[in-house]
Amino acid sequence: MKRRRESEESEVEVKPSKHTKYSHFLEEDPFFDATSRRYISNVVRNPTDESGFIVCQVFMQWRNPYIRLIVRTEEDAIGSDVANIEIHFLGRCLEALQQHGVRFDVSDEFLLTLKGFSLSQGEKGKIILKYSQGTHIMFTKRRRVELECEAVDTWKVVDTRDDPLTADWYDAPVVRPAPLKDSSSKIVESFASNGDHSFKPVENDPAKQKSSKQRHKDRMKERKAKKAAKSNDSSSTLVPPDKVSSVPTTSKTLSGTELLIESYLDALKAIPSGDPGGKVKWGYTSLNQVRQHAQISTVGVVVAAREIQKPEGRDLYRSFRIVDPTSYEPADIHYQNPQAVSVNYFTKQFDYWLPAVQENDVVILTGLKSNNFHDRNTLTSMHNQTKWAIYSRSSSSVHYGANVNASENESSSSVSPFYEPLEVELRCCQLLSEWWDIVQEKQKELSSVANVVGLDYAGARGVVSRPHLRIQDLDPNRNRGFFDCTVEVLHGYPEPDGQRYYTLYVTDYTSSDCLTEVQAEWCPKSLSRSVLRIEMWDSSRELGQEMTTGAFYSLKNVRVKYAPNGLLEGRLQERKATLLTNEMAEYHQDLKALIGRKEIWKAKHGQSEVKFESLSLSDVVLDKFFNCIVEVLYCHLDNKRPYICVTDYTYNDYLVESYEDFVSEPWAKELRGCILKVYLHDNQVRDAKKLKPGEFCVIQKTRIKPGYAGKKPNAFLGGSEQKIRKLNTSVPADKDKIDELLGRKEIGLKEGFLPRVDTMLQTTETTVSRSATAPVPPSKVSTSVFTIREMKKVDSCPNKYRLSARVVDYRPLSLRNAVHRICSACDNDIPDTQKACVKCNDFNHEYIRFVYGLSLIIEDTEGTRVRVDITDKYKEEDPDECPLLKGLKRVSLEDDEEAYEQFCQLFERFAGNAQEYYEKRSSSLATPFRSMTIVALPDPDSKDGRTYYLWNVDGAYAT
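Residue numbers (numbering that gives the first Met the number 0): 0 to 958.
One should not assume that every hint holds.
As the list claims (entries may be wrong) - Pair by pair, the computed Cβ-Cβ distance ranges are:
#1 Ala732 with Ala824: 44 to 52 angstroms
#2 Val403 with Glu358: 13 to 21 angstroms
#3 Asn556 with Gly693: 40 to 48 angstroms
#4 Ala550 with Arg313: 28 to 36 angstroms
Honestly, the hints are just simulated from the structure, not real lab data. Glycine included, every Cβ here is placed at the ideal spot set by N, Cα and C.
Please build the complete structure, drawing on both the sequences and the hints.
Structure, rendered in structure tokens:
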């Protein structure tokens, strides 16, 4: 097949379908006309043609000392091959892009015009497009930042080429390439003939035969020569001080900033070192001249500072970062990317001996030792040798923090860290302070331009460091979302399989509408918009399980991002969490502020922690939180539903049913009604593994949940807070509690564990003669009516019975809780902490079903009692509802007042004044005997192998 001629290829008609992806962008800017699109093969063959544009996708990017991109672009209109080329933005073009705040990121896609480009060849035949005068870009896709203005046209920037204060020494004059004939024709030939469509090195190019080091030297010589040639009509921007002498300039071509920098460097060199008086032991040096393992003194501007840290068993220390004029590259005209030097200052004495620096402070540091960490210089203090002082521009003197007044003797002492500088040192500080004012002005100019255009801006300091943020200030677009914070832990739990991440909920008592509104028992309503959810992955997952609820922590390198619901959540992958105590607030300013906000919140909303009553098991009622002191009888922690069995040797009727689960166990002998089975979740499993049978412990904030629909009542304990505490016999208070429990045990084993007369089912009111407190049962009972004792003797099940009985107790005591939610998909109860079934992913709440669930204790004419349940979860005949519950709404009784009143009226028809009595509104229990229909259904977990349900009551229909 013959190769298409070059003239024909350049006239290939662009298919409209190729530009469908960018059509809406092309309509907004007529400069990017669909018919003007070009491809890199055509650009290489016609390097003098500046018309049209190419489509690029960023593959790699660098920002120092100029913007350098490796992009992917299509080779020709067919679109079958993609070429990787380099794009360089430098000189005036670089300055204009920085003024616009333009920042490229990997995977960004944009349209790039060819106006002002120059073509060159890099190593290994790489194609390079250079823009030194200006460019016109339109972003079509951004990885991180959605732009308000997608187009950036630097040609519209006011031409300041002739202004000697803004010209860039790096800006090489643009030379438009002539039609490629000699060496450039070899580029075209190699591109056209090479199968992989990439440039081949030109073998006879003498420049390619030199070493990379020699080529670098040649480039530096050429650059200096170009700068010297244009020194008559333009001046340069900031030049590194160590190169000032090598650049041929005169005082007329130096800007005010350069003169200020030269004055500073001269003043720094003028500071005497090693003088007989020993005032300055170590010579001063600029930050770019720091050598490894040297002992130096320096002056710098603080651009980032961390709070004082006190690791356990180690010295107090503080870290901060400093810069000076030598920290910036010449091309960085807006001071965005400094080579800041980290300073680590240690002390064994007092926290106020550490430098009390803040951002933008000018600090004097003498007697530092330099080190190299990850190929970067760091400065470390030396014990009893390093001294410091903070320069105050207003008074032209130094200070040592707001709360420290160092006396003359103390500051001159060899042990004290407070330094008293000489006049020449103060002169250096003054010049450095004036220079930093200029730097801040340039940073503000760039920040204001970026805010107007709507682009991402790294921050006014230009320092690559994580900000310390409060919840109300979180922004995923700031510093790529990474930040530090000081918080209080409210709650935490592992995900269902427990192997991927741990979920932590924290607050700093500031709020944000961008957070998910939390509705849970552990979260006060006033903090619903102040809680940040953090997923802890990888090495931080185990750390999350060790964190204590209610404690303060300093978290480092957290990332905030948008959750699927469009709101903010956090993510942490490293073990960067430090436990903080209240005592640290003296020197930890962020912790001090957090505690202050918490106190204000407490004063406004009351105490955040609810006090729970300590009860013996005999005094416990259903669905009420309590604390208890118990002995461990058995631990079962190896399966998916771990639990422990405990006792305090007191009796409760609620515990009789669960006793059947372990009646054959030797440790449960003679303890019928005295054993509490506690199911464990979250961190409580970890704490329970520290217990052994026969040991004593305190269980806090637990409750016994009623066993709806035939389930047995048991206690549940979960959360990240420490709720199980082992008692220590060596502690007097713990020993007294253990002795009291052992005393009850000794009496119970001798006399037997009998129910108390004031327990739920044996109250003093119900044990009084029936003639005084209860209605007289009917004198005539039909022969088809069973007694409870006869009903239990019938072997067939399922079955239906009629009996005459009355209600003597019920649970839950609040009838508003008689309706609970289940999932119709999996038939499981939905916890109160969830709005819908999480296991079934019921995002639309379509599986939620409201069902009635009420447990009753009924008594027949013989005085025999049995538990029955009212529920419409199990049905007979009618597929929709239980006859007793006919006509009742299936809604939440807490939200629907009409449905609640209707159910109360039904309950009163067959239960008399039971509700008034248990709500303490009546002094005696007066419930009528009713003809009841009882349904028995098989239940292997029940004591009798069956569960009884109240199916109907004569004369009590809800009509």
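Could you work out which of the previously given hints the structure breaks and list their numbers from low to high?
4
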